[in-house]
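Engineer: Residues 42 to 600, numbered by the working numbering, are exactly what the sequence shown covers, in order.
Hints were generated in silico from the structure; no laboratory data involved. The C-beta atom is built at its ideal place from N, Cα and C for all residues, glycine as well. Careful, some of the hints might be misleading.
[As the list claims (entries may be wrong)] Pairwise CB distance ranges, derived in the manner of DEER restraints:
#, residue 1, residue 2, range
1, 584, 66, 58 to 64 angstroms
2, 236, 69, 28 to 34 angstroms
3, 312, 528, 24 to 30 angstroms
4, 342, 438, 55 to 61 angstroms
5, 101, 346, 54 to 60 angstroms
6, 330, 102, 27 to 33 angstroms
7, 556, 69, 25 to 31 angstroms
8, 236, 360, 28 to 34 angstroms
9, 59, 90, 24 to 30 angstroms
10, 401, 354, 35 to 41 angstroms
11, 133, 375, 31 to 37 angstroms
12, 59, 441, 49 to 55 angstroms
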Amino acid sequence: MPSPVEKIKSESRYLRGTLKESLADAVTGALRESDTQLIKYHGSYQQDDRDVREERRQQKLEPDYSFMIRTRTPGGIATPEQWLKLDAIATRYANGTLRVTTRQAFQFHGVIKRELKATLAAINGSLIDTIAACGDVNRNVLAAANPLESQVHAVVYEQAKALSEYFLPKTRAYYEIWLDEEQVAGTPEHEPIYGATYLPRKFKTAFAVPPVNDVDIFANDLGFIAVVENGVVVGYNVTVGGGFGATHGDPTTYPRLADVIGFVTPEQVIAVAEGVITTQRDWGNRSERKRSRLKYTIDDHGLDAFKAEVERRAGFALAPVRPFHFDHNGDRFGWVQGHDGRWHLTLRIEAGRIADRGERRHLSGLREIARIHTGDFRLTPNQNLVIAAVADSDKARIDALVTEYGLDGFRTASPVRLNALACVALPTCSLAMAEAERYLPDFLTQVETRLAAHGLRDTPINLRISGCPNGCSRPYLGEIALVGKAPGRYNLMLGADHRGQRLNRLYKENSGESDILDTLDGLFARYAAEREADEGFGDFLVRSGIVAAKAGIPLEIRA
Numbered sequence: 042m043p044s045p046v047e048k049i050k051s052e053s054r055y056l057r058g059t060l061k062e063s064l065a066d067a068v069t070g071a072l073r074e075s076d077t078q079l080i081k082y083h084g085s086y087q088q089d090d091r092d093v094r095e096e097r098r099q100q101k102l103e104p105d106y107s108f109m110i111r112t113r114t115p116g117g118i119a120t121p122e123q124w125l126k127l128d129a130i131a132t133r134y135a136n137g138t139l140r141v142t143t144r145q146a147f148q149f150h151g152v153i154k155r156e157l158k159a160t161l162a163a164i165n166g167s168l169i170d171t172i173a174a175c176g177d178v179n180r181n182v183l184a185a186a187n188p189l190e191s192q193v194h195a196v197v198y199e200q201a202k203a204l205s206e207y208f209l210p211k212t213r214a215y216y217e218i219w220l221d222e223e224q225v226a227g228t229p230e231h232e233p234i235y236g237a238t239y240l241p242r243k244f245k246t247a248f249a250v251p252p253v254n255d256v257d258i259f260a261n262d263l264g265f266i267a268v269v270e271n272g273v274v275v276g277y278n279v280t281v282g283g284g285f286g287a288t289h290g291d292p293t294t295y296p297r298l299a300d301v302i303g304f305v306t307p308e309q310v311i312a313v314a315e316g317v318i319t320t321q322r323d324w325g326n327r328s329e330r331k332r333s334r335l336k337y338t339i340d341d342h343g344l345d346a347f348k349a350e351v352e353r354r355a356g357f358a359l360a361p362v363r364p365f366h367f368d369h370n371g372d373r374f375g376w377v378q379g380h381d382g383r384w385h386l387t388l389r390i391e392a393g394r395i396a397d398r399g400e401r402r403h404l405s406g407l408r409e410i411a412r413i414h415t416g417d418f419r420l421t422p423n424q425n426l427v428i429a430a431v432a433d434s435d436k437a438r439i440d441a442l443v444t445e446y447g448l449d450g451f452r453t454a455s456p457v458r459l460n461a462l463a464c465v466a467l468p469t470c471s472l473a474m475a476e477a478e479r480y481l482p483d484f485l486t487q488v489e490t491r492l493a494a495h496g497l498r499d500t501p502i503n504l505r506i507s508g509c510p511n512g513c514s515r516p517y518l519g520e521i522a523l524v525g526k527a528p529g530r531y532n533l534m535l536g537a538d539h540r541g542q543r544l545n546r547l548y549k550e551n552s553g554e555s556d557i558l559d560t561l562d563g564l565f566a567r568y569a570a571e572r573e574a575d576e577g578f579g580d581f582l583v584r585s586g587i588v589a590a591k592a593g594i595p596l597e598i599r600a
C-alpha cells in the first residue's frame with residue numbers, strides 16, 4: 042500500500058495542493074498538514090522553535106511556527122549582486138543570518154508565514170530560485186568548489202548546472218503560487234520524467250573533480266567523477282546508490298556508499314542520469330519511506346540488474362571504469378592562485394552560519410566584500426565559502442576586509458576545527474534528537490585541548506556532528522562523528538578515512554560528553570604513540586583493529 046505521502050502527491054494537482062488557501066489563513070502560523078509536504082518541493086520546510094515549544098504549550102499557544110527556505114544553486118555559485126540581494130532578504134525577512142549548507146545552497150531561517158510569499162518572490166528577483174531544493178525530486182546538484190584548475194571546474198560546473206535544469210519539475214505551480222502567474226485553463230499538465238507522484242524519495246546528485254572529493258561523491262544517489270586528460274574533461278565515472286539516512290534501532294536502514302558502475306562521455310551524462318532517475322521512479326519503494334532511497338532499491342534488486350536496466354533506458358552500455366584517485370575530501374583554505382592567474386580565497390564558515398556575532402561580523406564583512414568583488418562566490422559542500430576569481434588589483438583590499446571583519450579565523454584554527462561539519466539540529470529541525478550546530482564550537486574546543494595534550498594539535502582529523510541519524514552533515518564519513526540519540530547523548534562513530542571512501546562504525550552507543558571525551562583521549566594517546574608516518578586517524582583505528590573495517594569501495598580503482 043502506498044504511503045500517505047504518495048497520496049498527498051497524487052492528489053496535489055502537480056504540487057499545488059491547497060497552498061494558496063493555507064497561506065491566506067491568518068488564524069494560524071502553520072500550513073495545512075498536507076501542504077507541509079508539498080511546500081518542500083517549492084524549497085521550504087515548516088518548522089517551529091523547540092526551545093519555546095513547551096512554554097507555549099503551557100500558555101495554550103500554538104508552536105512558534107516559521108519557515109526555512111533553501112535555494113537551488115547548482116555548484117553553489119552566486120554573483121556579488123546576488124549575494125547582496127540574498128543578504129538583504131536575510132536581514133529583512135529571516136533571522137539576520139545566511140547559512141551555507143552541505144549541498145552548496147543558502148538557507149534562510151525564521152521566515153514567518155505572512156512573509157513567505159514576499160521572501161520567495163525576492164529570492165526569485167535575485168535570479169535564484171528554490172524550486173526542487175527539497176522534496177522527492179533531484180535536489181540541488183553539487184559540483185567541485187575549489188577552482189584551482191579553472192577551465193576544468195568551469196566545464197564540470199556547466200555540466201552540473203545543465204543536469205539540474207533538465208531534471209527540474211515542469212509544473213507551473215511554483216510560478217502560480219509565489220509569482221502570481223495565471224494558470225491557463227484547460228492546459229494539460231504532466232511531468233515527463235517524474236510523473237504525477239514524482240520520486241519515491243529525495244534524490245541527490247554530485248560532480249567531483251579528483252584528486253579532491255569535496256562533494257563526498259560516494260554519499261550521493263548519483264555521482265559523476267570527472268576524468269581529465271591533458272586538461273580536458275573526457276568523461277565521468279558514474280556512481281550510484283550512496284545515501285546516509287537511517288533510523289536508530291532499525292537494522293533495515295543504514296548508510297551506504299555508492300558503487301562505481303562505469304564510464305560515460307560528457308554527451309552521455311543526461312541520458313544515463315535519466316536512466317538512473319526513472320529506474321528509481323519505477324522500482325523504488327513507495328510503501329515505506331524510510332526504505333525508499335535509491336540505495337535500498339539497488340540492494341533489493343541487485344546492482345547488476347539495476348545497471349542493466351539503466352543501460353537499457355539510456356540506450357547504450359557503460360564503458361569500463363577509468364582510473365581515478367582522491368587525496369582528501371576537505372577544502373583548501375586561504376589564498377590559492379588558479380591556472381588562469383586569478384586568485385581564490387577559501388574562508389572557514391563554522392557550521393555554515395554567516396552572522397554578525399561580537400567581533401566576528403561575518404555577514405557585514407561579506408556584504409562589504411560583495412560591493413567591490415568582481416568575481417563570484419562559491420559555497421562549498423563543507424559549509425565554507427570561496428571568494429573566487431579575484432583580480433590582482435582587488436586581492437589586498439579583500440584581504441584587508443577579511444581581517445577587519447573577523448573572517449580570518451582560518452589562519453589560526455586547528456585542522457580539526459577547519460574540517461568539522463554540523464547540521465542545524467535544535468532548535469528548528471523537527472527531527473533533531475540532540476544539539477549539533479550550537480554544540481560544535483564548545484565540543485571542538487574540548488577536543489582540541491585533548492589533541493594538544495598528545496602533540497596532535499596540528500593533525501588533520503575529520504569530525505562531524507549530526508543531531509539525528511538522518512545524517513545531513515554526512516557524519517558517517519567522519520573519522521570522528523557524533524550522531525544524536527537524545528538530549529546530550531550521542532552515538533560515537535569512528536574509523537572513516539579522510540578521502541570519503543570508507544564508512545565509520547559505531548564505537549560507543551548513547552554516550553554523554555564526558556564519556557566521549559575520555560574515550561577520545563585514550564585513542565589520541567594510542568594514535569600519537571603508535572601511528573605510522575602520514576597515517577590518518579581513521580586509517581590508524583582500522584589498521585590497529587580498534588575499529589573493524591566496514592565494507593566499502595577500494596581506496597583506488599584501476600581500470
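Engineer: Hint by hint, note whether the structure agrees.
Structural biologist: Now the hints, each set against the structure:
A hinted range of 58 to 64 angstroms for the beta carbons of residue 584 and residue 66 is consistent with their spacing of about 60 angstroms. Checked against the given bound of 28 to 34 angstroms, the beta carbons of residue 236 and residue 69, roughly 32 angstroms apart, stay inside it. Taking the beta carbon of each, residue 312 and residue 528 are about 48 angstroms apart, not inside 24 to 30 angstroms as hinted. Checked against the hint of 55 to 61 angstroms, the pair residue 342 and residue 438 passes, with Cβ atoms roughly 56 angstroms apart.
For residue 101 and residue 346, the hinted distance range of 54 to 60 angstroms is satisfied, since their beta carbons lie about 56 angstroms from each other. The beta-carbon spacing between residue 330 and residue 102, approximately 31 angstroms, falls within the hinted interval of 27 to 33 angstroms. As the Cβ distance of residue 556 to residue 69 is approximately 43 angstroms, the hint placing it in 25 to 31 angstroms is violated. The beta-carbon spacing between residue 236 and residue 360, approximately 30 angstroms, falls within the hinted interval of 28 to 34 angstroms.
Range check, residue 59 to residue 90: Cβ separation about 25 angstroms, and the 24 to 30 angstroms hint holds. The hinted window of 35 to 41 angstroms between residue 401 and residue 354 is violated, with their beta carbons roughly 50 angstroms apart. With their beta carbons about 33 angstroms apart, residue 133 and residue 375 fall inside the hinted range of 31 to 37 angstroms. Checking the proposed 49 to 55 angstroms range against residue 59 and residue 441 shows it holds: the Cβ atoms sit about 52 angstroms from each other.
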